[in-house]
Amino acid sequence: MTADFLLVPRPAVSPFAPSEATRLTVGFLPLTDCAPLVAAVVLGLDRRFGLTLELKRQPSWSALAEGLASGALDAAQALYTLPFDMTLGLSGPAVPTSILMGLNRNGQGVTLSSRLAEAGVSDGASLAAHLRRARTRPRFADTYPGGTHALWLRRWLMQHDISPTRDVEILTLPPPAMVDALKAGAIDGFCAGEPWHAVAIAQGAGFTAATSPAVWPDHPEKVLAVREDWLDAHPNAARALIATVLAACRELDALPYKTRLAELLASPDYLDLPAAAIAARLAGDYDDGRGRRWREPHPLLFHDGGAVNPPYWSDARWFLDEWRRWGWLPESVDADALARRVGRFALYAEVADALGILAPASPWRLAGGPR
Amino acid sequence: MTRVLLIHDTPIHIDRLSAALVAAGCEVVAELGSALSLAAAVARHAPDVIIVDAASPSRDALAGLCAVSAESPRPIVMFTGERDPAVMRAAVRAGVTAYIVDGLAPERLAPVLDVAIARFEEEQRLRAELDAARRQLADRKWIDKAKGLLMAKRGLSEDAAYRLLRKSAMEQGLRVAEVARRLVEASQLLS
Chain R
1 MTADFLLVPR
11 PAVSPFAPSE
21 ATRLTVGFLP
31 LTDCAPLVAA
41 VVLGLDRRFG
51 LTLELKRQPS
61 WSALAEGLAS
71 GALDAAQALY
81 TLPFDMTLGL
91 SGPAVPTSIL
101 MGLNRNGQGV
111 TLSSRLAEAG
121 VSDGASLAAH
131 LRRARTRPRF
141 ADTYPGGTHA
151 LWLRRWLMQH
161 DISPTRDVEI
171 LTLPPPAMVD
181 ALKAGAIDGF
191 CAGEPWHAVA
201 IAQGAGFTAA
211 TSPAVWPDHP
221 EKVLAVREDW
231 LDAHPNAARA
241 LIATVLAACR
251 ELDALPYKTR
261 LAELLASPDY
271 LDLPAAAIAA
281 RLAGDYDDGR
291 GRRWREPHPL
301 LFHDGGAVNP
311 PYWSDARWFL
321 DEWRRWGWLP
331 ESVDADALAR
341 RVGRFALYAE
351 VADALGILAP
361 ASPWRLAGGP
371 R
Chain Y
1001 MTRVLLIHDT
1011 PIHIDRLSAA
1021 LVAAGCEVVA
1031 ELGSALSLAA
1041 AVARHAPDVI
1051 IVDAASPSRD
1061 ALAGLCAVSA
1071 ESPRPIVMFT
1081 GERDPAVMRA
1091 AVRAGVTAYI
1101 VDGLAPERLA
1111 PVLDVAIARF
1121 EEEQRLRAEL
1131 DAARRQLADR
1141 KWIDKAKGLL
1151 MAKRGLSEDA
1161 AYRLLRKSAM
1171 EQGLRVAEVA
1181 RRLVEASQLL
1191 S
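Protein sequences appear in the order of chains R and Y.
Quick note on numbering: the first sequence equals residues 1 to 371 in the working numbering.
Quick note on numbering: the second sequence equals residues 1001 to 1191 in the working numbering.
Hints are computed from structural coordinates only; laboratory data are not their basis.
All C-beta atoms in this analysis are idealised placements derived from N, C-alpha and C, irrespective of residue type, glycine included.
List of simulated lysine-lysine pairs, DSSO-like, C-alpha gap at most 27 Å:
no.	chain 1	residue 1	chain 2	residue 2
1	Y	1141	Y	1167
2	Y	1141	Y	1153
3	Y	1141	R	56
4	Y	1141	R	258
5	Y	1167	Y	1145
6	Y	1145	R	56
7	R	258	Y	1153
8	R	56	Y	1167
9	Y	1167	Y	1153
10	Y	1145	R	258
11	R	56	R	258
Coverage of chain R stretches by chain Y, computed from C-beta distances (three or more under 8 Å per stretch; other residues unrestricted):
no.	stretch
12	36-44
13	51-64
14	176-185
Build out the structure end to end from the sequences listed, making use of the hints.
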């Protein structure tokens, strides 16, 4: 197949009313799970729905949030919790932000330093034993205050009776800074998305101590976010955008050769990293960097027949409840109302329906929740 | 005037360094007691150079410098008493441009900063040049591959294949290389 449709764009088959804007700037971070955005462009799905997406790599989640808030970005890949943070103004000015859809599940992890490995640490249990013995207070990094990695890291530590507040120190670094910080001895471990764990192994800086499904099998992770006022002004562009990215997610899970996708993601325009660091884990093949190999039973998925993408209010509630537990959610906030305001479930369901993708009847699901 | 963001990773000889910087004609736009929130301070103050005053660089300083190097690279000069080569390597990994051990006469401060800034700019220029060269090479590669695909699959001549790419690029408001790349990547992904 020559993908001729990219040459002479087919008349848009968009089932939606003409878009208010056709060129959209979309922010992403150099992470394996930005694949739906890359695929949307590479496969020309944006054209099919009458859009042209321009992808803009961002150096950190805070830079991405700033771009979304300022209008430099029309839409962005985001940590699931980022739209709540922006809506409430917890890390900057309050800019109401909406979740259009989920982008992926799973695919995150915890890396520990080679120095800890030399001290006999290989997983959470041996880390706990080491901390009791050595009486040190190691320092870990997550990727954004209150972000998904902040939560996965704390849950993982607690699974091993390590107090995230008393026994360790946790700071925030941009994902691309993790491996250098590990090598410089600035941190002893980090929780972030792939391929940074595979990169840490490739550079001899650390090993994979856990993958995120150990905390919550098939957890929601990244979402597609836009500003609320942008959404109000561009309802049809939003529909076309959801359709584009949803179609990309569907294609991604169906792709036979994940190595090709890894090569695409590796390009200087996207991750600018060796394809080898991306390929194996994208296909679900893991190696912890210390000789243990396994096939991940809860791999990174982008669609799973449509189960991955609905912006469930119940998922939003889970994150907000977790925030409340850590004292990060202001007392006055009505979590239910915030979940309903941010998660654009009805809009998603309308677009999914137009694409022949089954949308759940209810924005509340029972399934899920951490171990 | 050189805008300097000064980090005191130690309480020692604080005043001497800030005074020497002012004497050397620099504007100290901010002074931080810790490097942990360095990336945010760099975004706010947009300094030309970051100076770290550290008896021995702490983990806070290294983490802050790593974050800056990832977010918005700047020339970083570290004044330190630490001679351990391992620490020096760690500092360079974290993005330090110039690592200066022990006692610096105030009159030498200005040339040291100038050299650090010049070296950093040279590195950035080389990187940009390399990126441009890589891009040009990649552009040609994509166009050649796309032409090849069209010649094989559609039986077009090389000229006709290029004209089709160019026409399509004009219609879509994209560069020819971009259209070529999308065509090749999509064909690879779908085959």
